[in-house]
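Each chain is listed here by its residues.
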Amino acid sequence: MFRGIIDPKSRGLIGAILVLLFILPPILPRFYTYILALVFVTSLLAMSLNLVLGHGMIFQFHHGVFYGVGAYTAALILAKTSLPAWIGFVAGPIAAAVAGLLIGSFCVRLTRLYFGMLQISLGSLIWAIVFRWYSFTGGDDGIHGIPIPSLISSVNSAYYCILVIFVICLVALYLILKSPFGSTLEAIRDNPQRCEAVGVNVRRHQLMAIVIATFFAGVAGVLFVVLEGSVFPDLLFWVLSLEVFIMCLLGGWFTFAGPILGAAIMVSLRTFVGIYTEYWTLILGIILILLIFFLPEGVMGYFLEKLKPQVKEAAEGGAN
Amino acid sequence: MLRVKAVDKSFGEFMAVCQANLSVGKGELVAVIGPNGAGKTTLFNLITGQLWPDRGKIVFRGEEITGLPAYEICKRGIARSFQIVNIFPRLTVFGNVQVAVLSQQRRSNNIFSPAQNLAIGETKSILESVGLWDKGKNIAGSLSHGDQKILEIAIALGNEPELLILDEPTAGMSPEETAATLELIKNLASNRGLTILFCEHDMDVVFSIAQSIMVMHQGRTLIQGRPEAVRENREVREAYLGGE
Numbered sequence: 001m002f003r004g005i006i007d008p009k010s011r012g013l014i015g016a017i018l019v020l021l022f023i024l025p026p027i028l029p030r031f032y033t034y035i036l037a038l039v040f041v042t043s044l045l046a047m048s049l050n051l052v053l054g055h056g057m058i059f060q061f062h063h064g065v066f067y068g069v070g071a072y073t074a075a076l077i078l079a080k081t082s083l084p085a086w087i088g089f090v091a092g093p094i095a096a097a098v099a100g101l102l103i104g105s106f107c108v109r110l111t112r113l114y115f116g117m118l119q120i121s122l123g124s125l126i127w128a129i130v131f132r133w134y135s136f137t138g139g140d141d142g143i144h145g146i147p148i149p150s151l152i153s154s155v156n157s158a159y160y161c162i163l164v165i166f167v168i169c170l171v172a173l174y175l176i177l178k179s180p181f182g183s184t185l186e187a188i189r190d191n192p193q194r195c196e197a198v199g200v201n202v203r204r205h206q207l208m209a210i211v212i213a214t215f216f217a218g219v220a221g222v223l224f225v226v227l228e229g230s231v232f233p234d235l236l237f238w239v240l241s242l243e244v245f246i247m248c249l250l251g252g253w254f255t256f257a258g259p260i261l262g263a264a265i266m267v268s269l270r271t272f273v274g275i276y277t278e279y280w281t282l283i284l285g286i287i288l289i290l291l292i293f294f295l296p297e298g299v300m301g302y303f304l305e306k307l308k309p310q311v312k313e314a315a316e317g318g319a320n
Numbered sequence: 321m322l323r324v325k326a327v328d329k330s331f332g333e334f335m336a337v338c339q340a341n342l343s344v345g346k347g348e349l350v351a352v353i354g355p356n357g358a359g360k361t362t363l364f365n366l367i368t369g370q371l372w373p374d375r376g377k378i379v380f381r382g383e384e385i386t387g388l389p390a391y392e393i394c395k396r397g398i399a400r401s402f403q404i405v406n407i408f409p410r411l412t413v414f415g416n417v418q419v420a421v422l423s424q425q426r427r428s429n430n431i432f433s434p435a436q437n438l439a440i441g442e443t444k445s446i447l448e449s450v451g452l453w454d455k456g457k458n459i460a461g462s463l464s465h466g467d468q469k470i471l472e473i474a475i476a477l478g479n480e481p482e483l484l485i486l487d488e489p490t491a492g493m494s495p496e497e498t499a500a501t502l503e504l505i506k507n508l509a510s511n512r513g514l515t516i517l518f519c520e521h522d523m524d525v526v527f528s529i530a531q532s533i534m535v536m537h538q539g540r541t542l543i544q545g546r547p548e549a550v551r552e553n554r555e556v557r558e559a560y561l562g563g564e
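In order, the protein sequence lines correspond to chains A and B.
Using the working numbering, the first residue of the first sequence is number 1, and each one after it goes up by one.
Using the working numbering, the first residue of the second sequence is number 321, and each one after it goes up by one.
The shape of chain B in the complex, shown without the other chains:
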């Protein structure tokens, strides 16, 4: 479904991503792991158009999307959440998700009908599925960190993506919140049939839910394969797991 081929990105002298390769099949739950600064977030930014690669190719459903603006990539069916909470702090929780739903329905430019009567059902069902419906009227900026991270995912769901990219969905969460979020991600994958690509620090999390794991080290792809294969790979152990 998604193929990243030999993608490079440098910031000045620093090669943030260098010869990264990744493939995500339909319906898969794929994890990207690697130490801090390995280039995971940069790689995601390259896929979703926040950044443009210097070299290489990104193909989604047979179409090259390299260098398209972020909103075009989103319209092709890739939605994402961000590692650092990236929501609309002054809008209500409901409004946050509604913006995405309205955009998905191509209604963002409608100036003639009141927004409060539009996309109610879709927004409600998303908020219910992530457990934020009872907080719908709250101002998003006033939510707890954990809830804001969940709202991140809810906004991404508003675009009805085929591929959902989650950048450290459990960063900064308490153990209980982390467990609940993992449950949510698993449900999204199984109930909605979503393809999910995520990156995560917590190794237990990754090995418990991912079907395929890609390991990054210093911007480079070391390996991508099934969890067992990755666990046994010597290079990976030296670069990353060995430290634990």
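Here chain A stands alone, though its shape is the one from the complex:
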């Protein structure tokens, strides 16, 4: 299944990073382990968005909703029912995918900006329900003290759980992008009209991509519950969706790993600049302006562009 998919040169690098991530937690202060885990969760959310955004050019403006639906579903099952915890963990992504299917099937009728506008309205509807339905969702207080199984309730064990799921999801997303489904999605991004003309049902294909992306957003939502033990309506608010959108642009939306970088930058900014000033978004704004002028393809896109001659040679060397 993996044969020839990952080029041998990057295999060593990926392995080294993985080993490093596995041995870090006992060494790092607890706070940093937590931040790292938060970066993974946020990265997964950003990457799930980028499946449809960067690779499908579908303007999924309100991706946060599906993150929230996944998180709330898991949280409600864990906190309010006596069902085994794994049911909550499995139900989260499925609920997110169902929400993706429902909202998506309305939105794919529209294109580009109109798609995004309709999605913001439908998504905000779900946010409003969660925000107001005190008896069920806890309203603007959210749900706190969610009972997480003791096996993964400490910061370190949650970290490992999140890391493993994160890596599995990355591999799955990578395989999906390299599959015929993924290459057809990229073809639709480039030229939907031509895709129709070669026999691709463009809307159905886009809807399927949305369902897959929202499923992974739901996984990220469940991981958030595992890490935080609480949920609140901000998870579904449009501001978060915008942040995730920016992460993709910041990291490089036409690259595979770009959103990870974008998420890492955003989480670090909020954490470390946020200590000094609550106006950390000001710094973000300045970075965004610089980005638009100097790195329009994102940070990762910029470095890949720089590396290109070498990459090309490596690819040719690999083919011989």
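Since the hints were made in silico from the structure, they are not lab data.
Honestly, I wouldn't trust all of these hints.
Unchecked claim - The list that follows gives simulated cross-link-like pairs (lysine-lysine, BS3-like), each with its CA atoms no further than 27 Å apart:
1) K9/A / K455/B
2) K455/B / K377/B
3) K455/B / K506/B
4) K377/B / K457/B
5) K457/B / K306/A
6) K377/B / K395/B
7) K346/B / K377/B
8) K9/A / K457/B
9) K455/B / K306/A
10) K506/B / K346/B
11) K455/B / K346/B
12) K444/B / K377/B
Claimed, not checked - Using C-beta positions, here's what the derived DEER-type ranges look like:
13) S433/B / G15/A: 45 to 53 Å
14) L110/A / R426/B: 41 to 49 Å
15) I87/A / H465/B: 54 to 62 Å
16) R204/A / F527/B: 38 to 46 Å
17) K325/B / I87/A: 53 to 61 Å
18) E448/B / I17/A: 38 to 46 Å
19) I168/A / R426/B: 26 to 34 Å
20) R546/B / R204/A: 38 to 46 Å
21) P495/B / I17/A: 35 to 43 Å
22) H465/B / L113/A: 54 to 62 Å
23) V19/A / S433/B: 27 to 35 Å
24) F527/B / F106/A: 48 to 56 Å
25) G15/A / T412/B: 53 to 61 Å
We put the beta carbon where it would ideally sit given N, CA and C, even for glycine.
Put chain B on the given structure of chain A with help from the hints.
Just chain B now, kept in the frame of chain A:
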């Protein structure tokens, strides 16, 4: 094989296509000619489902395909190239054709196996037959205009069509490229037994390869017949050939 019966299409007040008739027999090489704005491209868009006709009927292999979405028409065996280059500019040349082949093989929705191991042979043979195999790894957007037009045809071949529709296949090409493209079209017709419907500006091209010619003028079909008959038709001369 293909019959277009009294098809109309208007954009607001403007009748782009009006009472157009066309028939294409199996294995034929049929040309549509007419001055700029005669409605040739609109007619092709109506046949392949990019546009829906206001009135009239389009029948392909005994089945009415009027108003079907483009991807359904493609699945029934009609593939096309576009007048203005319409490719996947960010994908490789290989990837461009592979998308069509995968769609033809009903594999576009497969999410479990790597695309790079699928449909290699079919894609390769198409690229070889049009002479683009050595450029397979190039990004399609970086090709020359002539090569992009050829890639247009290659993408259409990826669908293994029974009827291939080419909208001005040689538009913007140099004389050498035009000659090579004509050779290619003739080969496709004879070697693959493809039925080809095309439109073209260059009269020499049309009269040298077409077996049947349909003349359009102001959205209307003036005549369809063998090249000699069309050449001698008085109405056609007045409307079109007379200007030359």
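Hints, verified against the model:
1. The hinted pair formed by K9/A and K455/B meets the criterion: a straight-line CA distance of about 25 Å does not exceed 27 Å.
2. A C-alpha spacing of about 41 Å is found between K455/B and K377/B, which places the hinted pair above 27 Å, so the restraint is violated.
3. For the hint linking K455/B to K506/B, the alpha-carbon distance of about 23 Å falls within 27 Å, and the restraint holds.
4. Annotation: proposed proximity of K377/B to K457/B is violated, straight-line Cα distance about 42 Å (limit 27 Å).
5. Between K457/B and K306/A the CA atoms are separated by roughly 20 Å; this keeps the pair inside 27 Å, and the hint holds.
6. For the hint pairing K377/B with K395/B, the CA-to-CA distance comes to about 19 Å; that is within 27 Å, so the pair holds.
7. The hinted pair formed by K346/B and K377/B meets the criterion: a straight-line CA distance of about 19 Å does not exceed 27 Å.
8. Between the alpha carbons of K9/A and K457/B the distance comes to roughly 20 Å, so the proposed pair stays at or under 27 Å and holds.
9. Distance hint between K455/B and K306/A is fulfilled; the C-alpha atoms sit about 23 Å from each other, no more than 27 Å.
10. A distance of roughly 15 Å separates the Cα atoms of K506/B and K346/B; the hinted pair therefore holds under the 27 Å criterion.
11. A threshold of 27 Å between alpha carbons decides the hint, and for K455/B with K346/B the separation of about 33 Å lies outside it, so the pair is violated.
12. In summary, the hint linking K444/B to K377/B is not supported, as the alpha carbons are separated by about 37 Å, beyond the 27 Å threshold.
13. Against the hinted window of 45 to 53 Å, the Cβ-Cβ separation of S433/B and G15/A comes to about 24 Å, which falls outside the hint.
14. Between L110/A and R426/B, the C-beta spacing of about 27 Å breaks the proposed range 41 to 49 Å.
15. Between I87/A and H465/B the beta carbons are some 59 Å apart, a value that agrees with the proposed interval 54 to 62 Å.
16. Look at R204/A against F527/B: about 44 Å separates their beta carbons, and that is inside 38 to 46 Å.
17. As the Cβ distance of K325/B to I87/A is approximately 60 Å, the hint placing it in 53 to 61 Å holds.
18. Range check, E448/B to I17/A: about 41 Å between beta-carbon atoms, so the 38 to 46 Å window is met.
19. Evaluation of the 26 to 34 Å hint for I168/A and R426/B yields a pass: the beta carbon distance comes to about 29 Å.
20. At about 44 Å, the CB distance of R546/B to R204/A agrees with the hint of 38 to 46 Å.
21. Separation of P495/B from I17/A is about 56 Å and departs from the stated range, judged on CB atoms against 35 to 43 Å.
22. The supplied range of 54 to 62 Å is broken by H465/B and L113/A, whose beta-carbon atoms lie about 31 Å from each other.
23. Distance hint for V19/A and S433/B: a CB-CB separation of about 29 Å, consistent with the stated range 27 to 35 Å.
24. A hinted range of 48 to 56 Å holds for the C-beta pair F527/B and F106/A, which are about 53 Å apart.
25. A beta carbon spacing of about 28 Å between G15/A and T412/B contradicts the range 53 to 61 Å that was offered as a hint.
Hint compliance for this structure: hints 2, 4, 11, 12, 13, 14, 21, 22, 25 are not met, and every other hint is.
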